[in-house]
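Chain order of the listed sequences is B and H.
No gaps in the numbering here: position 107 of the first sequence is 106 in numbering that gives the first Met the number 0, and each next residue is one more.
No gaps in the numbering here: position 156 of the second sequence is 155 in numbering that gives the first Met the number 0, and each next residue is one more.
Do not rely on the hints blindly, as some may be mistaken.
To be verified - Per label pair, the in silico range of CB-to-CB distance:
hint, chain 1, residue 1, chain 2, residue 2, range
1, H, S155, B, W36, 26 to 36 Å
2, H, R213, B, P114, 48 to 58 Å
3, H, G195, B, R9, 42 to 52 Å
4, H, A187, B, P20, 56 to 66 Å
5, H, G199, B, P42, 47 to 57 Å
Stated by the list, open to error - Derived coverage of chain H by chain B (criterion: at least 3 residues anywhere in the stretch with Cβ under 8 Å from a Cβ of chain B; other residues may be distant):
hint, stretch
6, 141 to 155
7, 162 to 171
8, 184 to 196
9, 205 to 215
Said to hold, decoys possible - In silico SDA-like cross-links for lysine to any residue, where the CA-CA straight-line distance does not exceed 20 Å:
hint, chain 1, residue 1, chain 2, residue 2
10, H, K217, H, P85
11, H, K217, B, H84
12, H, K217, B, W143
13, H, K217, B, L79
14, H, K217, B, Q151
15, H, K217, B, A149
In case anyone wonders, no lab produced these hints; they're calculated from the structure.
Backbone N, C-alpha and C define an ideal beta-carbon position, used for all residues, glycine too.
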Amino acid sequence: MSIWEYANPRRFMATSTAVLPWVWTAAAVLCATGLIWGFFFTPEDYRMGYSVKIIYLHVPSAFIAINAWFMMLVASLIWLVRRHHVSALAARAAAPIGLVMTAVALLTGAIWGKPMWGTYWEWDPRLTAFLILGLFYLGYIALWSAIEAADQAADLTSILCLVGTVFAVLSRYAAHFWNQGLHQGASLSLDAEENVADVFWLPLVVSLAGFVLLFIALVLVRTRTEIRRRRIQALAARERLA
Amino acid sequence: MIALLLRDLRLAIRAGGGFGLGLAFFLILATLVPLAVGPQPDLLAPIAPGILWLGALLACLLSLDRIFALDLDDGSLDLLATAPLPLEGVAATKALAHWLTTGLPLAIAGPALSLLLFMPAPAVPWLGLSLLLGTPALSWIGTFGAALTVGLRRGSLLLSLLVLPLYIPTLVFGAEVVRRGAEGLSPATPLALLAGITLGCIGLLPFATAAALRINLK
Numbered sequence: 000m001s002i003w004e005y006a007n008p009r010r011f012m013a014t015s016t017a018v019l020p021w022v023w024t025a026a027a028v029l030c031a032t033g034l035i036w037g038f039f040f041t042p043e044d045y046r047m048g049y050s051v052k053i054i055y056l057h058v059p060s061a062f063i064a065i066n067a068w069f070m071m072l073v074a075s076l077i078w079l080v081r082r083h084h085v086s087a088l089a090a091r092a093a094a095p096i097g098l099v100m101t102a103v104a105l106l107t108g109a110i111w112g113k114p115m116w117g118t119y120w121e122w123d124p125r126l127t128a129f130l131i132l133g134l135f136y137l138g139y140i141a142l143w144s145a146i147e148a149a150d151q152a153a154d155l156t157s158i159l160c161l162v163g164t165v166f167a168v169l170s171r172y173a174a175h176f177w178n179q180g181l182h183q184g185a186s187l188s189l190d191a192e193e194n195v196a197d198v199f200w201l202p203l204v205v206s207l208a209g210f211v212l213l214f215i216a217l218v219l220v221r222t223r224t225e226i227r228r229r230r231i232q233a234l235a236a237r238e239r240l241a
Numbered sequence: 000m001i002a003l004l005l006r007d008l009r010l011a012i013r014a015g016g017g018f019g020l021g022l023a024f025f026l027i028l029a030t031l032v033p034l035a036v037g038p039q040p041d042l043l044a045p046i047a048p049g050i051l052w053l054g055a056l057l058a059c060l061l062s063l064d065r066i067f068a069l070d071l072d073d074g075s076l077d078l079l080a081t082a083p084l085p086l087e088g089v090a091a092t093k094a095l096a097h098w099l100t101t102g103l104p105l106a107i108a109g110p111a112l113s114l115l116l117f118m119p120a121p122a123v124p125w126l127g128l129s130l131l132l133g134t135p136a137l138s139w140i141g142t143f144g145a146a147l148t149v150g151l152r153r154g155s156l157l158l159s160l161l162v163l164p165l166y167i168p169t170l171v172f173g174a175e176v177v178r179r180g181a182e183g184l185s186p187a188t189p190l191a192l193l194a195g196i197t198l199g200c201i202g203l204l205p206f207a208t209a210a211a212l213r214i215n216l217k
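Chain B on its own, in the form it takes in the complex:
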């Protein structure tokens, strides 16, 4: 039993049918717990007041926005090396989700930034790098939708994803070089001595887990949609030939 068995679309469909309700339930429970806990049952920050609560939307969506791209990178590599169609379709499925999460992170950041920094937008390196990440998502999605031949589209977008990753990382460092930042340091990291205080940290981790599961559920649904679309196209083609 290896993970590559799920490269078979039929196998993938069967497993994802069984798993999907559980993922949805867990995602809903965790998101609801994390957000309700965070919004109503945590104290206000002594400096930021009630506006600290947007962190429960902002940090998870930013986390997903960045990691969705890494998931696309891994899926693209698998497609280029092993030619598994499910992998290419999963990469395609993840891109719009990543774009939406980028937009959510930027929007919640802007809403938070107005009372705290006194501005909706600041050309801060982190903000700039995020905006650039959004542009990369846009280009990736545009290339997918522009090419009609499915395998060719998967190949070209995979190459774009690999090259784009290098340039997205370069852009991030270029942005840090270019301007000094206003954004606070990482809210969550494994090696930091002090993260945000525990009262904020626990609901944040819960809603983060909820967002990860939500992302997985959305990717599964969109991949299933793509597989079904492929099947319909194949049936239509067979119909025309007959």
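Fit chain H to the given chain B structure using the hints.
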């Protein structure tokens, strides 16, 4: 490779392949900016480095879709793909030809146009040097983008959407060199980073370009 380079250069110069088009665009942009924001030197001088770099970048973008599209239309791209020269070599040669016909003239014209925008005198040589070092990266990245979109109808609009985000690091470091030069600071760090990006693009991107071409020609 040399034969291909000479052929591309000849085509670009004689057959109206866009040689000079980028240069004219650059000139028009440098003329339009003062008309848009006003002719005061204290207004134009601080934004001149950014405007000139942005102009060079957009001028480079103009002629990108011609790199492979014409060769695909008349079938010579298929011949090149089956020729003994590896496709990576074709990609690198095409990028070099694009740079010689677009990037190099821009790098030479840039310092002259900086007079129109009242750029501080100490920054002018830095503008020339940063364009000289940075425009090859623009050509190599652009060739990669052109290879991705070569088979597409309406590919040129998509091409700019794909290529412009990839241009960001080059633009940041290139404009930073000139800005530091204008303020009298040492531009060595961004200059080294800019050169690093260019060398990395020249060394690695032809492989990605060739891979994209192979997929498109399949």
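What hints, given by number in increasing order, does this structure fail?
Of the numbered hints, just 1 does not hold.
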